[in-house]
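In order, the protein sequence lines correspond to chains A and B. Take the position in the first sequence, starting the count at 1, then add 218; the result is the number in the working numbering. Take the position in the second sequence, starting the count at 1, then add 2; the result is the number in the working numbering.
The hints are simulated quantities; they were obtained by calculation from the structure and are not laboratory data. Be aware that one or more of the hints could be misleading.
Straight-line alpha carbon distances no greater than 27 Å define the calculated BS3-like cross-link-like pairs of lysine-lysine that follow [said to hold, decoys possible]:
1. A:305 to A:275
2. A:284 to B:76
3. A:224 to A:234
4. A:305 to A:334
5. B:76 to A:305
6. A:334 to B:76
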Amino acid sequence: MTSDRKITANRNNAKKSTGPRTTAGRDAARRNARSHGLAVAIGGDPVFHEDIEALAKLLAESAGMKSVSEFARSAAEASIDLLRIRKFRTRLLQSHQGPDTAAPDRLTELNGKLAKLERYERRAYSRRNRALRGL
Amino acid sequence: MKKALAPSLYVDPPPALQRVFGDPPLIGGERPEVYVEFFRFIAYDAAPTDTIGWLLVKDAVDLSWEIQRERRIKASIIESKRSLAFRQYEFSLIRARCERELRYHESPDENEVNGEQEPQPVPMSEDNPAFLTAAYNDGSFDIDAIDRRIAFYEMRRNAVLREMERHSESLSRRTRDALEVLDGEFSEAE
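Based on the provided sequences and hints, a complete structural model is requested.
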């Protein structure tokens, strides 16, 4: 059982901590819980903005549209998401390559991670197919 | 892939789309030129005419590539477990022999008096099916996980072909035919 004295000391010490103060520190802390970022909507990520716009334009042109529709953008986002998931999967496989690849614990860990990816992939396919049918 | 390929202009996606696709999703040991040839083989037969067609062909190619990769990983796990089972068996033979010799050196008279002749196990060769069985038993969890992933990719690939069918029936038929040729070639190679 923790003593009252210890609890008080802990509380006082915690008050002295204000967490990360610099912009870089806060930026890093913001990503603490982020493991792969695949749950984040790709549309809001500036890294993919250019590719999404380029693909949306190509899809709109392919469908004979003069401007980029919401369906074209949505299909582009989902397609880029699929490419991102595939690349993430290859990175996972790559990181597990090595002399002890067949070690049971490493394979179990890899299998678990790959199984989680399927959920994101299934959703991206559904989004993309819905959008393509709307084009 | 014995078929002669058409000039790359006809089987590569348009440059703007290639930029979006980026580098092929490969892991160590997979050669980019083999992926490109694989892509061109499918694209040549499928002959997509628009962006949607190219996107769907890219999906079919990537999923087929992943299916083949998973099959390779599965084969390598089975081989590694089989080899491990054989090494463990060899080790058990060596240990048994050492124990016998140790017993003999500790009390040679006793062995001579009793005339004990311990049964000598008949050594099994490395290609004995028992080691393959042991490999499947030992790796069953991982093999199941790989089989599930292959089933998932095959299901997705079928969904892509159905989506192609909505877009263009002929595109879907041509892609399906090309994939069947490649799947057949891979099965033969296995």
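Next on the checklist: Checking each numbered hint in turn, tell me which of them this model violates, lowest number first.
Outcome noted: 2
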